[in-house]
Amino acid sequence: MTYAARYQQKSKVLNVLSIAGVSLTLGLAGCSNGEQTETTATADGTAAGQNIELLNVSYDVARDFYKDYNPLFVEHYKAENPDSDILIKQSHGGSSKQALSIANGLQADVATMNQGSDIELLEKRGLVESDWESKFPDNAVPFTSTIVFLVRKGNPKGINDWEDLTKEGVEIVMANPKVTGNGRYAFLGAYGYGLHAFNNEEAPAKNYVKDMLKNVKVYENGGRAATTTFVQRGIGDVLVTFENEANLAATDFGAGQVDIVYPDYSIKSESPVAVVTSVTDKKGTTEAAKAYLDYLWSEPAQQLAADLYLRPSVQSVLDKNSDKLPPVETFRPNDAFGSWDEIMGTYFSDGGVFDQLAVNAPQ
27 MTYAARYQQK SKVLNVLSIA GVSLTLGLAG CSNGEQTETT ATADGTAAGQ
77 NIELLNVSYD VARDFYKDYN PLFVEHYKAE NPDSDILIKQ SHGGSSKQAL
127 SIANGLQADV ATMNQGSDIE LLEKRGLVES DWESKFPDNA VPFTSTIVFL
177 VRKGNPKGIN DWEDLTKEGV EIVMANPKVT GNGRYAFLGA YGYGLHAFNN
227 EEAPAKNYVK DMLKNVKVYE NGGRAATTTF VQRGIGDVLV TFENEANLAA
277 TDFGAGQVDI VYPDYSIKSE SPVAVVTSVT DKKGTTEAAK AYLDYLWSEP
327 AQQLAADLYL RPSVQSVLDK NSDKLPPVET FRPNDAFGSW DEIMGTYFSD
377 GGVFDQLAVN APQ
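Numbering (our numbering), first residue to last: 27 to 389.
Note that these hints are calculated values from the structure, not bench results.
Each hint should be verified, as a subset may be incorrect.
[Unchecked claim] Straight-line C-alpha distance at most 20 Å; calculated EDC-like pairs for lysine to aspartate or glutamate:
hint : residue 1 : residue 2
1    : Lys240    : Glu197
2    : Lys346    : Asp333
3    : Lys316    : Asp94
4    : Lys243    : Glu197
5    : Lys243    : Asp190
6    : Lys193    : Asp237
7    : Lys346    : Asp164
8    : Lys236    : Glu194
9    : Lys309    : Asp164
10   : Lys240    : Asp381
11   : Lys115    : Asp278
12   : Lys350    : Asp237
13   : Lys193    : Asp278
14   : Lys308    : Glu149
15   : Lys183    : Asp290
None of the values given here were measured: they were computed from a predicted structure.
Take the sequences, apply the hints, and build the full model.
Below, the structure is given as structure tokens:
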């Protein structure tokens, strides 16, 4: 019996690589509680030239993409600018925490976040240009993702769709919607499913979400921290997270221990990017920062995204990878819930809908 039917019935690395003579140094530190970590890539020129340093401040789960993207970009940039030395630094954490860090003075050259509200915050502070969405293709969204479920091997709790998250005895792990984009997309995905299941009726949709949140065992401070809690600490029956994060766990550090379940209907998460011109104009790195983001739409970068189970915005690359990125019916949060300002105010502000529905809402 579906949840809707039940409701109605009851009232209702350090790695060193050499590529084409370019020395690349990558450092990757773990992030178990959503703290920032750093990844760097360097290209050492053989002739005197410009020394450029860029800081990419990004969200927690993106660390694996940018760890591999940075050396791709460095090689590309070095080929086009042989007299320049470039150093890429990386900072990761909960998306909104990272945006606040930039707003509070962290000298990011680029912001690569997982929800539009984080870039909009920087726009309001005058840190990025007001027309940032038009500076790159696809409204400055190089790739997208969706929310899926990571379950124990063999799916012993029989979790096949959103409605199963309300089953008695199911323990859920997810990121904290108060501070992370991962958690917000998970919450909005559940709410969107509720509206979809109940013909856009708010009351039963809210009751569904409330019942689901009763089963949340742990709210973590970042998407990667939630994965660590579920896979490595063995807590919970299901992790609600991004598709790319679930696939990383299933194919890498959780291989053989977990399975991925795709719901029939889920939310589309967009990962917008922007140059932090308030910083780059002073440093003289605006051109390099723009080049760094422009290259996200190159075929090598788009294929890298697909290889890491991010959905490329370039349709031809997405089509080539349909075997690993199966079609899913998705909805955009802005279409269902309004602008990000409205979403943040209505659902995630203190005393908002999330706080009202979550029995043990994290602060």
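Quiz item: For the pair supplied as a hint, lysine 316 and aspartate 94, is the alpha-carbon distance within the 20 Å limit?
Solution: Given pair lysine 316, aspartate 94 holds - Cα atoms ~19 Å apart, limit 20 Å.
Quiz item: Straight-line Cα separation of lysine 346 and aspartate 333 no greater than 20 Å?
Solution: holds, 11 Å
Exercise. With a cut-off of 20 Å on the C-alpha distance, tell me whether lysine 309 and aspartate 164 pass.
Key: violated, 28 Å
Quiz item: Do the alpha carbons of lysine 243 and aspartate 190 lie within 20 Å of each other, as the hint requires?
Solution: With Cα atoms ~15 Å apart, lysine 243 and aspartate 190 stay inside 20 Å; holds.
Quiz item: Is lysine 240 within 20 Å of aspartate 381, Cα to Cα?
Solution: Roughly 12 Å between the alpha carbons, so the hint for lysine 240 and aspartate 381 holds.
Quiz item: If you draw a straight line from the CA of lysine 193 to the CA of aspartate 278, is it 20 Å or shorter?
Solution: Judged against 20 Å, a Cα distance of about 29 Å means the pair is violated.
Exercise. Would you mind confirming whether the straight-line C-alpha gap from lysine 346 to aspartate 164 stays at or under 20 Å?
Key: Satisfied, since the Cα-Cα distance of roughly 19 Å is no more than 20 Å.
Quiz prompt | 20 Å Cα cutoff - pair lysine 350, aspartate 237 | solution = Not OK: lysine 350 and aspartate 237 at ~32 Å, beyond 20 Å, violated.
Exercise. Take a quick look at whether lysine 240 and glutamate 197 sit within 20 Å of each other, Cα to Cα.
Key: holds, 9 Å
Self-check item: Restraint check for lysine 308 with glutamate 149, where alpha carbons must lie at most 20 Å apart
Solution: With Cα atoms ~17 Å apart, lysine 308 and glutamate 149 stay inside 20 Å; holds.
Quiz item: Are the Cα positions of lysine 115 and aspartate 278 separated by 20 Å at most?
Solution: Violated. Lysine 115 to aspartate 278 sits at ~25 Å, over the 20 Å cutoff.
Quiz item: Taking only the CA atoms, is the gap from lysine 236 to glutamate 194 under or equal to 20 Å?
Solution: holds, 13 Å
Violated hints, listed in ascending order, are 9, 11, 12 and 13; each of the other numbered hints is respected by the structure.
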